[in-house]
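Could you build all of it, start to finish, from the sequences and the hints given here?
Those letters in the sequence shown? Residues 1 to 329, per my numbering, in order.
It should be emphasised that the hints constitute simulated quantities derived from the structure, not laboratory data.
Among these hints, one or two may not hold up.
Pairs of lysine to any residue residues, derived as SDA-like cross-links and limited to a Cα-Cα distance of at most 20 Å, are as follows [unchecked claim]:
| id | residue 1 | residue 2 |
| --- | --- | --- |
| 1 | K61 | W146 |
| 2 | K94 | C106 |
| 3 | K61 | E228 |
This one's a predicted model, so the numbers in the text were calculated from it and none came from an experiment.
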Amino acid sequence: MTDASVNEYTPDHEKEDAGDLLASSGGGPKTQIIAIYGKGGIGKSFTLSNLSYMMAQQGKKVLLIGCDPKSDTTSLLFGGKACPTIIQTASAKKEAGEEVRVEDVCFMRDGVFAMELGGPEVGRGCGGRGIIHGFETLEKLGFHEWDFDYVLLDFLGDVVCGGFGLPIARDMCQKVIVVASNDLQSLYVANNVCSAVEYFRKLGGNVGVAGMVTNKDDGTGEAQAFCEAVGIPELASIPAHEDIRRKSANYEIIGYPDGEWGSLFGQLASNVAAAPPHHPTPLSQDGLLELFSGDAVGRDVVLKPASQADLCGADHAPKPSLEVIYDTV
Numbered sequence: 001m002t003d004a005s006v007n008e009y010t011p012d013h014e015k016e017d018a019g020d021l022l023a024s025s026g027g028g029p030k031t032q033i034i035a036i037y038g039k040g041g042i043g044k045s046f047t048l049s050n051l052s053y054m055m056a057q058q059g060k061k062v063l064l065i066g067c068d069p070k071s072d073t074t075s076l077l078f079g080g081k082a083c084p085t086i087i088q089t090a091s092a093k094k095e096a097g098e099e100v101r102v103e104d105v106c107f108m109r110d111g112v113f114a115m116e117l118g119g120p121e122v123g124r125g126c127g128g129r130g131i132i133h134g135f136e137t138l139e140k141l142g143f144h145e146w147d148f149d150y151v152l153l154d155f156l157g158d159v160v161c162g163g164f165g166l167p168i169a170r171d172m173c174q175k176v177i178v179v180a181s182n183d184l185q186s187l188y189v190a191n192n193v194c195s196a197v198e199y200f201r202k203l204g205g206n207v208g209v210a211g212m213v214t215n216k217d218d219g220t221g222e223a224q225a226f227c228e229a230v231g232i233p234e235l236a237s238i239p240a241h242e243d244i245r246r247k248s249a250n251y252e253i254i255g256y257p258d259g260e261w262g263s264l265f266g267q268l269a270s271n272v273a274a275a276p277p278h279h280p281t282p283l284s285q286d287g288l289l290e291l292f293s294g295d296a297v298g299r300d301v302v303l304k305p306a307s308q309a310d311l312c313g314a315d316h317a318p319k320p321s322l323e324v325i326y327d328t329v
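Shown next, in the form of structure tokens:
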């Protein structure tokens, strides 16, 4: 990766720390590190909780890390219980003059290991910097020595902050998965993630997009059309089903091998494991809109320039500018 990608997206005081923690992350050589992105509320946490549970039931050793300031990635996995976040725990331990231990921040359920990086309170800090600080703490806990088959990183995809884009910008993961649905907003975010992947690939990066999970699929087909248009596979289609909605709201895992939805998540686990990283072809804004019918997006609207009189009212009288142009004085 060239320095250009770091300079544009990462503040100076973060560059060295980011490089150090990423250079040694990921456990053994067999570990697959996968970053998952998607629009807020699209169902990343639901998908990842059930995916990680299914992987563990298949005999894999899985670490699920929530990299979202909301710290809700692991709530479904733990029946609605909130994990103590690494950021909060590290701060409390520091005030008490104590060291953070693995058992303070990492918890297990049926073979799945999970933790939340956390972040600052609303309006009180940089969420991206919090992500970097969280991984620095993991390094001190021996993250680079841990032995996992899969490390799943849950990132929100609505922002362009360098901290949240770190896995793509600095080759932290081998591949990216996007979660979306048949709506313009979630596909817009998915397209932005594909654009980021391609941008950094042109700068020398190696991360690719393994594919997309369509959540709450109502059968209208826009998500599938998006996958075909950008050149990535659809790894799974999770239907908009009342049973799934109800169980998710009740913090119930549905990714059991012998459950009603077991085959769906079993196939997703297999697809995630086998899918190679692809180089997507992101769509333009017009190309994205073409996935939807014209009446759904109001495509017949024409941009009409506004004038100063429109902004100031009908009685507006132009006044001479008080600006001094020194080149002409």
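- request: Given the hint that K94 pairs with C106, test it: the Cα-Cα distance must not exceed 20 Å.
  value: Given pair K94, C106 holds - Cα atoms ~18 Å apart, limit 20 Å.
- request: Please work out if K61 and W146 have their alpha carbons no farther apart than 20 Å.
  value: Satisfied, since the Cα-Cα distance of roughly 11 Å is no more than 20 Å.
Pairwise hint evaluation, E228 against K61, where the allowed Cα distance is 20 Å at most: Status violated; Cα separation ~32 Å.
Violation of the numbered hints given earlier is confined to hint 3; every other hint is satisfied by the structure.
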